[in-house]
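**Student:** Those sequence lines, one after another, are chains A and B.
In case it helps, my numbering puts the first sequence at residues 308 to 598.
In case it helps, my numbering puts the second sequence at residues 1256 to 1581.
A hint or two may mislead.
Residues from chain B that keep clear of chain A, each with C-beta distances beyond 12 Å, as calculated [claimed, not checked]:
1) Ile1273
2) Glu1383
3) Asp1463
4) Phe1483
5) Leu1537
6) Gly1540
7) Leu1548
Incomplete in silico selection of chain B near chain A, CB under 10 Å [stated by the list, open to error]:
8) Leu1285
9) Gln1317
10) Val1318
11) Pro1372
12) Thr1378
13) Val1502
14) Gly1543
These are calculated hints, taken from the structure and not from any lab test.
Here the structure is a predicted model, which means the values were calculated and not measured.
Note that CB positions come from ideal geometry on N, CA and C, so glycine has one too.
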Amino acid sequence: MDRFVDLAVSAVLLAGLYATMAYGLGLIYGVLRVVNLAHGGVIMAGAYLGWILHGWAGLDPYLSIPLVVGATFLLGMAMYRVLVRHLPRGPAGGPASLLLLFGVWLVLRNVAYLLFTGNDQVIRTSYSTHALPLLGSFVSVNRLAVLAIAVVTPALLHLVLRRTYLGRAIRAVAQNADSCTLVGIDVERIYTLTFGIGTALAGLAGLLSATIFSFNPGFGSGELLKSFVVVVLGGLGSVFGTGVAALILAIVEVFAILVMPSYLTAAVGFVMLVLVLVLRPGGLFGQRVLG
Amino acid sequence: MRRWAADVPFWSAVPFVIVVAALAALPLSLRISPYERNLVTVAFLMISGALAWNWMGGYLGQVSFGHAAMFGLGGFVAARLMLHENPAPAPIAWLLGGIAAGVFSLGAHPMLRLRGPYFSIATIGVGEASRLLFTYWEEFTGGASGVSLPIDIGMKARLYWWALGLAALVVTASFVIRRSTLGLQLLAIKADVDAAADVGVNATFYQDLVMVLSGAVVGITGGLWASFFSFIEPADMFGFDRSIGFVLMSVIGGVGTVLGPVLGAVVFVLLRQFLLASYPQLYLGLYGILLILIILFEPLGLTGLGLRLARAVRRRRRAPGVVAAP
């Protein structure tokens, strides 16, 4: 029973991270219909940004959140303005956008190799090894903080999408971009901002992962695939669905340890990805327009 | 897609046969070093793999990021058959490896109704899941330490012709598919599955067929690869980089054409050799930049670039006449 509680707690903690990774991917796909394969690269970039700020400027990873989010936001907007904007829209652009953004990922990885070599890095803070007693087991303080941020972020995202003019414009563009031009919404600007926000969320996820896991320039591919699982499972554009899907993935992965060697638990996510795509392409909760 | 490949006339078979014959005579007539011969052999293998990938990614428009699964499966089945106590002759082992990979590809049947990015993402999942499962299955793949085949220098030399034969066969098959009604039906499916089904194209069957053929050829390529290197490990054979390699070769050369993947594979092998030797730190990024440039400026890759040049030359040649006419 103890072990059950332990596993459940760690599944919840993991789910927070998975959800944070997936929001950005889901947002960009929901609005632009572009699968951001560079997502993994930005997660890696976020991790390194946090590492630089911590190592060189002595900035606590949680205090560097605004900087990392800002930097990856700008990176995302630049990626849209310089590259993604020129792709053909609609189904014809599907494979093209995949390949283009995969190219961006390769470049990001290469830049990271050149700057930081292939060595594994980690952000180690004074509280990295602290733990609190909770439900009869011990829980890392750091992981709790990550979970808290993972809960606050979608709440903020939800508020922005529901309550602000920008959010309404984003949802309107997701529904019908052509009609938006008729009512005076600058669609290109919305696309740019959406891509920026989605990328910034990936940067945030990278920074948070960097406080828990070690990383190298290849970091992010597993995270990208897990984000796919969560987005596909949760249905595109549903903030609530994304959270639930992240929890499902985390629970399945964590409890898989009971029945299979730990080495294979990563495969569970991939198998789930394929099964969900084939069986429930609309996600478990159906398709919904952002919010 | 442009009609270029379908416009290639039948007489082009003559230069093709001459080129293949010249390549076959190359190691006999000229004194090329084993290093060069090996490089050309690898290029032949990559040509076969890239063209087979192109049947899916180019003709059918289903971009697969998981072809390493078939490459690895074909390689390991062939290797196991050759390591058996009564070892199978290499060609039989390769063929059976290809059949195993083809049968495995049939498992993609439910995925083939996914289109565009959904299919691509699903193939990433299948590819990565296969990598983990086969690495875990140590009795079959040797786990992380891989499988070694007895080293046979004569075999390595003979593989030049086997690989050339395979590549020539696959090039021919690519032309035949492209020119046949099958090729037209594949193009119709690529353009619009539903519309193709409305005019009587059995989209489900043809997608399965091409997937199996593509998987089988990639599997055979994997078998030859295993014999050629005498050592294979699942992390490499099933690796994501290998899947990406097939994609890159076709995209660099020109997706959906016949000549494209051939050119792409040659460039890929040479570039890889050169970069790994001289600038290993720029290896990934250069491919990334190439991908970005090709997608943005010339979706048909090197083939498109060649066509553009040819058009420019023709225009220039015609231009004086146009000016002279009153």
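**Student:** Indicate, hint by hint, whether the structure satisfies it.
**Tutor:** Hints and how they fare:
no.	hint	verdict
1	Ile1273	35 Å, holds
2	Glu1383	5 Å, violated
3	Asp1463	15 Å, holds
4	Phe1483	27 Å, holds
5	Leu1537	7 Å, violated
6	Gly1540	3 Å, violated
7	Leu1548	8 Å, violated
8	Leu1285	37 Å, violated
9	Gln1317	9 Å, holds
10	Val1318	4 Å, holds
11	Pro1372	4 Å, holds
12	Thr1378	9 Å, holds
13	Val1502	7 Å, holds
14	Gly1543	3 Å, holds
Checked against the numbered hints above, the structure violates hints 2, 5, 6, 7 and 8; every other hint is satisfied.
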